[in-house]
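Peer 1: Chain by chain, the residues run as shown.
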Amino acid sequence: MAAYILKRLFLMIPIFLGITVISFAVLHLASGAPTEMQTMMQPKVSLEARARLNAIYGLDKPLHIQYFDWLKRLVRFDFGRSFSSDNRPVQEKIMERLPITLFINILSLVLILVVAIPIGVLSAVHRYSLFDKATTLFVFVGFATPTFWLALLLMLVFGVYLDWLPISGLKSLNYEYLGLWGKVVDLGRHLILPVLLSAFGGLAGLSRYMRSNMLEVIRQDYIITARAKGLAERVVIYKHALRNALLPVVTVLGLSIPGLIGGSVIFESIFAIPGMGQLFYGAVMARDYPVVMGELVIGAVLTLIGNLIADISYALVDPRIRVR
Amino acid sequence: MPYNASLDMKTPAKIWEISGRMFLAWGFFVLLSCLACSPPGGGSETPGRPAEAGPPCYGDTLITGSIGEPSNLIPILASDSSSHEVAGLIYNGLVKYDKDLKLVGDLAESFEVSKSGLVITFHLRKGVRWHDGQPFTAADVLFTYKTMVDPHTPTAYAEDFLQVEKAEAADPYTFRVTYKKPFAPALASWGISILPGHLLEGRDIMKSPLARHPVGTGPFIFKEWKTGEKVVLAYNPDYFEGRPYIDRYIYRIIPDSATMFMELKAGGIDNMGLTPLQYARQTEYRKFKENFNKYRYPAFAYTYLGFNLEDEKFRDRRVRQAVSYAIDRGEIIEGVLLGLGQEATGPYKPGTWAYNPNVKRYPYDAVKARELLQEAGWRDTDGDGILDKDGIPFRFTIITNQGNDIRARTAEIIQRRLKEVGIDVKIRIIEWAAFIKEFIEKKTFEATILGWTITQDPDIYDVWHSSKNKPGELNFISYRNTEVDALLERGRRTFDQEERRKIYWRIQEILAEEVPYVFLYVPDALPVVQARFKGIEPAAAGITYNLIKWYVPKAEQRYKMIAHSS
Chain A
1 MAAYILKRLF
11 LMIPIFLGIT
21 VISFAVLHLA
31 SGAPTEMQTM
41 MQPKVSLEAR
51 ARLNAIYGLD
61 KPLHIQYFDW
71 LKRLVRFDFG
81 RSFSSDNRPV
91 QEKIMERLPI
101 TLFINILSLV
111 LILVVAIPIG
121 VLSAVHRYSL
131 FDKATTLFVF
141 VGFATPTFWL
151 ALLLMLVFGV
161 YLDWLPISGL
171 KSLNYEYLGL
181 WGKVVDLGRH
191 LILPVLLSAF
201 GGLAGLSRYM
211 RSNMLEVIRQ
221 DYIITARAKG
231 LAERVVIYKH
241 ALRNALLPVV
251 TVLGLSIPGL
261 IGGSVIFESI
271 FAIPGMGQLF
281 YGAVMARDYP
291 VVMGELVIGA
301 VLTLIGNLIA
311 DISYALVDPR
321 IRVR
Chain B
1001 MPYNASLDMK
1011 TPAKIWEISG
1021 RMFLAWGFFV
1031 LLSCLACSPP
1041 GGGSETPGRP
1051 AEAGPPCYGD
1061 TLITGSIGEP
1071 SNLIPILASD
1081 SSSHEVAGLI
1091 YNGLVKYDKD
1101 LKLVGDLAES
1111 FEVSKSGLVI
1121 TFHLRKGVRW
1131 HDGQPFTAAD
1141 VLFTYKTMVD
1151 PHTPTAYAED
1161 FLQVEKAEAA
1171 DPYTFRVTYK
1181 KPFAPALASW
1191 GISILPGHLL
1201 EGRDIMKSPL
1211 ARHPVGTGPF
1221 IFKEWKTGEK
1231 VVLAYNPDYF
1241 EGRPYIDRYI
1251 YRIIPDSATM
1261 FMELKAGGID
1271 NMGLTPLQYA
1281 RQTEYRKFKE
1291 NFNKYRYPAF
1301 AYTYLGFNLE
1311 DEKFRDRRVR
1321 QAVSYAIDRG
1331 EIIEGVLLGL
1341 GQEATGPYKP
1351 GTWAYNPNVK
1361 RYPYDAVKAR
1371 ELLQEAGWRD
1381 TDGDGILDKD
1391 GIPFRFTIIT
1401 NQGNDIRART
1411 AEIIQRRLKE
1421 VGIDVKIRII
1431 EWAAFIKEFI
1441 EKKTFEATIL
1451 GWTITQDPDI
1461 YDVWHSSKNK
1471 PGELNFISYR
1481 NTEVDALLER
1491 GRRTFDQEER
1501 RKIYWRIQEI
1511 LAEEVPYVFL
1521 YVPDALPVVQ
1531 ARFKGIEPAA
1541 AGITYNLIKW
1551 YVPKAEQRYK
1561 MIAHSS
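Each protein sequence line maps, in turn, to chains A and B. Residue numbers for the first sequence follow our numbering, beginning at 1 and rising by one. Residue numbers for the second sequence follow our numbering, beginning at 1001 and rising by one.
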């Protein structure tokens, strides 16, 4: 097992380098350099000023040199400084946004698990019942509804007409002056709509997945055995069937690790949440290479780790994979 | 894909923000016009509302909504309008534009331009202090100048300062600059934010903490910046024009304009810019009118249809005039701006001194358009409804940038009208960077719809002079007219306003005759402010020029300032 993990870790290095080379190349293939995005169509900016900015950011060097410069910094865990005019270290820009995005994504993932698994199990157990049909309809409506539209609608109802919830942002203006409990309540009120909405859209996938797993398991011989033993239906379903049906879900969770750091641009923009999605989108539009590369690297590393964890957990639970 | 960076819904607002950058002087204008001083206007109100405001008093918070976030609060390093908008409240220039758009002293108490136009002497205000308590002197001005021309400073605005031959601080309160050649926009260029030399001298400006924690001389003191959320400023009790009545100014970042509009209605923000749709259709009910004051005045910007003059089809002036006759501007303003704009006839704002109202106009006239096209040799010989010449049908593509709905819809209206005179137009909408790099800079476009900001100084050398047609420069339509070239050169060397007026009026006559652009419209700026704010006096410069005189009567104040340490 140790050798297997070691081998997988070793293989990750060339894969990672390949990802960075391709990302770097594709990023530079897109029209427009960061300096140009800042200066194009501005009468007061002369061509000389542009050349000067290019030299300051090292954009006048050949592409492969720029790549190796970037890589050299990366091995020292230095993502460089942003090319946008704030010129801040990329780490700093990512770190101030990462916690918010992680927090919201984890909350919504927990919510999805808590709602989707029971829905999946119950629809499988009572297949074609009214409950099954109703929840199927519900989760697909959630899947199909454009979130931005629903978000605006709910903001209008709860924020403007009823005035129960704040509309956007994460904190009220007087947040600093609230007590600890007040802060928790304030944050909670701001989070209700974003977390509910992002969970709503994600219910369909997991609940359907859970339902089909469960249906598969229920058909197995050992379930018939369990029933034949005279076990209560509750025990059959929740002890014997559910445990086996949950295993693949664990794998899916492993694969969703990289998703946790990615924020949705639409979502964050509508709710004015300063998360990773907006940072990434803004960086791409401004061709802010170091920030984009920084986010891509984190995403790549997490994807690789997520894959590894998924594979390892599979190997742990399913001996057939380990046999070599 | 770990990132759910879907491009559909978000695109409009964000790209609009980026394309907003092309409007050079936007931020600069805000910065210059924010701080003019006018006598405290007790109870001035927008027409139609009772003026019973009572005397000005201190307190309350103004919350402004913004789609974009500042990038850097050292304004010379920033090129986005949000940075300049916020920095404009924290810093001062030596000069500024007042409410009537006249250049007046700001940190300079007075200034003189020598007869030759080569030397400008600024007499600085005494007793002005930086927000950290240090005195402001000519050394700060000299430092700012040196930073601007230092090749290691990543500023986009060095050009005006590279014209300076010599700059000196004659004494702590006198600053003198000498130019190589007379340069009319020189004086206005000193509206640039003066930086605190004592905090920056000898340090790397790119890594300065001032970028996120600025120290200026302006009416508001920087308090806090929460990335992606808000920038908070507090009143400067020692401001040299008197402390602002408002205690706190909060710049809230809300990237989605629909959300911002809801925040406005729910009381989360006090002030924002409305879209024509919001202004005309979504705010005309009683409750809104009771709670908010809407303002409307022409923006400092115009939108145009520009021809690539290197394209064979558009070489003939009669063809360009025909296109101009075939377009109904009134219809575009009604349909796209919902009437909230006016016709553009040239590159200046109607009503300003540089604007020439008597140029040739092109009222909608399809018959005349067809005649001109026929004169130019375009006839429908094969009866397919599209004109042709030498066997080639008259087809061209209008390109514009993605994310600007108003431009896209303008293009559609033009498409339909040109179809009526036998010209087949296609529309292509392209992402901003690719649009500029692949089409505008390489001159591979046929016609484009774009906009310019109208600067306070009428110098438009960079857009119209024939030498400015290299890739990346702004005469991308390749306009060439020797008389215009000579006038532009003379215009920027002339200081006398009457002389300059003649020069720029003549340029407008030529442009109207030659139609290198079809000037389309000047849109209206549509700001809205919560009704508890009094003292707002709309003027040529807009409404924010006297922000420090805005106030809220005690009974209507909403926010208490809890802790203020300055």
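It is possible that part of the hints are untrue.
Stated by the list, open to error - Covered by chain B, according to a simulated footprint, are these stretches of chain A (three or more residues, beta-carbon under 8 Å): (1) 51-64; (2) 147-160; (3) 182-195; (4) 205-216; (5) 242-251; (6) 268-275.
Derived by calculation from the structure, the hints in this document are not laboratory data. Remember, it's a predicted structure, so these values are computed and weren't measured experimentally. Positions of the beta carbon are idealized from the N, C-alpha and C atoms, including for glycine.
Peer 1: Against this structure, judge whether each hint is valid.
Peer 2: Hint by hint, here is what the structure shows:
no.: 1; hint: 51-64; result: holds (count 4)
no.: 2; hint: 147-160; result: holds (count 6)
no.: 3; hint: 182-195; result: violated (count 0)
no.: 4; hint: 205-216; result: violated (count 0)
no.: 5; hint: 242-251; result: violated (count 0)
no.: 6; hint: 268-275; result: holds (count 8)
Violation of the numbered hints given earlier is confined to hints 3, 4 and 5; the remaining hints are satisfied by the structure.
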